[in-house]
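Chains X and H are the protein sequences, given in the same order.
Everything in the first sequence is counted per my numbering, starting at 1 for the first residue and increasing by one.
Everything in the second sequence is counted per my numbering, starting at 1 for the first residue and increasing by one.
I should point out that these hints are in silico values taken from the structure, not numbers from a laboratory.
Worth double-checking, as some hints may not be accurate.
Unchecked claim - If you want the ones that stay clear, here's a sample from chain X, every Cβ over 12 Å from chain H, calculated:
| id | residue |
| --- | --- |
| 1 | Ser-19 |
| 2 | Ala-62 |
| 3 | Thr-160 |
| 4 | Pro-183 |
| 5 | Asp-308 |
| 6 | Arg-318 |
What the hints assert, rightly or not - Just a sample of chain X residues kept apart from chain H, beta carbon distances all over 10 Å, derived:
| id | residue |
| --- | --- |
| 7 | Ala-8 |
| 8 | Val-13 |
| 9 | Gly-25 |
| 10 | Arg-33 |
| 11 | Pro-46 |
| 12 | Glu-69 |
| 13 | Ala-123 |
| 14 | Pro-125 |
| 15 | Ala-149 |
| 16 | Thr-175 |
| 17 | Gly-185 |
| 18 | Glu-187 |
| 19 | Gly-206 |
| 20 | Asp-238 |
| 21 | Gly-264 |
| 22 | Ile-305 |
What the hints assert, rightly or not - Footprint (simulated), chain X over chain H, 3 or more residues, beta carbon under 8 Å:
| id | region |
| --- | --- |
| 23 | 69 to 81 |
| 24 | 87 to 95 |
| 25 | 110 to 117 |
| 26 | 244 to 251 |
Cβ coordinates follow ideal geometry from the N, Cα and C atoms, glycine included.
2 protein chains.
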Amino acid sequence: MTTIYDVAARAGVSPATVSRVFNGGNVSPEKARAVRRAAEKLAYTPNRAARALRRQTSDVIALVVTDIENPFFTAMARGVEEVALAAGFSVVLCNSDGDLAREARYFDIAIAEHMAGVVLVPAEPATDVGRLVEHARPVVTVDRGLPLAPVDSVVADDLTGGRQGTGALYDKGFTRVGCITGPRGAETAEKRSGGWREVFAQRSPGSDPREYVVHADYRVNGGRRAMADLLALNEPPDAVFVANNLMAVGALEALHQHGLRPPGFGMAVVGDVPYAPLALTGMDVVPLPARLIGATAAQVLLERIRGDSQPVRTIVLRHELPELENGAAAGS
Amino acid sequence: MTTIYDVAARAGVSPATVSRVFNGGNVSPEKARAVRRAAEKLAYTPNRAARALRRQTSDVIALVVTDIENPFFTAMARGVEEVALAAGFSVVLCNSDGDLAREARYFDIAIAEHMAGVVLVPAEPATDVGRLVEHARPVVTVDRGLPLAPVDSVVADDLTGGRQGTGALYDKGFTRVGCITGPRGAETAEKRSGGWREVFAQRSPGSDPREYVVHADYRVNGGRRAMADLLALNEPPDAVFVANNLMAVGALEALHQHGLRPPGFGMAVVGDVPYAPLALTGMDVVPLPARLIGATAAQVLLERIRGDSQPVRTIVLRHELPELENGAAAGS
DNA sequence: TTGTAGGCGTTATCAC
DNA sequence: GTGATAACGCCTACAA
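Let's have the full structure, built from the sequences with the hints guiding it.
What follows is the structure, encoded as structure tokens:
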């Protein structure tokens, strides 16, 4: 391990001078050059553990997601990266897998490694960011909020998304649009199905919404089972609104088994299903601005890291893709 | 920030004793209990920066991939996680995006944060792990090797995969199987197309292989263009072997535009195309054992971290899914 | 502009 | 078994 002392010795200066060269202090050009040359020769890398210990903060931010295999979250990660890297921060991705214990463990790491902040997809509404907050680590949640915690969040306009997706199907002439949504209590699931319910009540007034909505787990298999359930109804729907990308894949499979497929059987889904363009033929997609959500969250986080102390806010992004600049904000 | 001193004071012992409680030293049961209670009450988390500084190592391992949005790599990440978490390590995912500079930056972080080791998908054959090696950080490459570097690697049997995929198409009765492979010089691309070439030469003896293989960039758009090129030949192929999942998606799109699709037009692909089950109808998949590759790499890395100093080795995994235990090893 | 020195929170080496 | 104490490598007053 070559240290600041080695560099100092080789450059004929004091360790303090070396430190100043790397942190922008006042150093004469000649000495600065000598230091840089020495550092180069010795392949010196500042020891971040020491630096973090001393400075009580690092330039790494953590992105904690609930499912690293969900393309929505990886797309979001790209957005976070773009902004963070441009600002000189590095991003590390942590997979909580929706598990509170694993999530908490990553929080501990973030604290103990003095990470600068956390962009978080909460594993559950019960997610506890108290430790993070106590340690003054900025947190921004994405995709869903944490209403009880004093942290910013960036979410999509899920209610409108639900309305749009459902409305599009009715507008195409389908007469009874079912709904496959996420777990009870999950914010995005409630909002998206809420949008569906409004439209359903209006367009299928004779039917009971409770019969035509089924909750699943936001995963492929859940979507398959849910679709099968809908098809087994006495009066099955002729179209379905699906609240996330993975469940849509499962639903397609289930339809397929019954010899059905879009566009004959209507389907609208919230969020892109990447890498499945053909499967999407005939499907309506309410695009989730995944990258934008990530980028916006990173921007907010960076502001907080830099000391911004505005009141906590929730930023709601439209499903249409606006320019990064307009990120419309709604009070919370 | 609550420190070991705070805990010590509250428990009425010395800081050294507190440290011993957390690191398995000899401490009397009563004092140990007192320490634990105090730590609990104070919500004490060991400061990892300090610990890493002192111990010169941490229990975090980095997984550096070239494309965080490629499901193959995220599936691999799951394998790495499973093994690492079970051994008490945490995993952070870093996205090099195939860029040498970004990759190098993450190496620096790994070194400077004293991470225990790195599982790496090399951005290029030119990837330089010298710094990592100098600093005695174990490295295991996955998916592709780094022949010039003294590091272990875990790869799939790509040559066989190429043969299998291609052979399956001929066996189905197709008569001229084209090939869409990855960038020139990329190990997996060369091997997979090498397997194709063998079979092609044998089964389509009249045709020039050079006409029927096209190199692309392992991405969706590249696959689309490549497929279009193949279809534009004077004597276009009636089937295609595609060297990775993303390009297969692009190829499907291109076929679609020409009114073609599997199984009418033959297609075999190396690696699953998750979330696209319907699009796969009629495709042959040579499954890449993504998770297993990750898990095996993590195991090897852990051994190295624990001081194993066996000669460097390359582990080649079959495309069939063997039990984790048999991870067949081939000398390197 | 430059150098000296103290401390960030831990762990490990000593004595006791 | 337990407690001082000296590093680990860096940054930043403070002095010069």
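These are the hints, each one checked on the structure:
no., hint, verdict
1, Ser-19, "15 Å, holds"
2, Ala-62, "8 Å, violated"
3, Thr-160, "25 Å, holds"
4, Pro-183, "20 Å, holds"
5, Asp-308, "22 Å, holds"
6, Arg-318, "23 Å, holds"
7, Ala-8, "18 Å, holds"
8, Val-13, "22 Å, holds"
9, Gly-25, "20 Å, holds"
10, Arg-33, "22 Å, holds"
11, Pro-46, "6 Å, violated"
12, Glu-69, "5 Å, violated"
13, Ala-123, "15 Å, holds"
14, Pro-125, "22 Å, holds"
15, Ala-149, "16 Å, holds"
16, Thr-175, "25 Å, holds"
17, Gly-185, "25 Å, holds"
18, Glu-187, "23 Å, holds"
19, Gly-206, "32 Å, holds"
20, Asp-238, "19 Å, holds"
21, Gly-264, "14 Å, holds"
22, Ile-305, "17 Å, holds"
23, 69 to 81, "holds (count 7)"
24, 87 to 95, "holds (count 6)"
25, 110 to 117, "holds (count 4)"
26, 244 to 251, "holds (count 3)"
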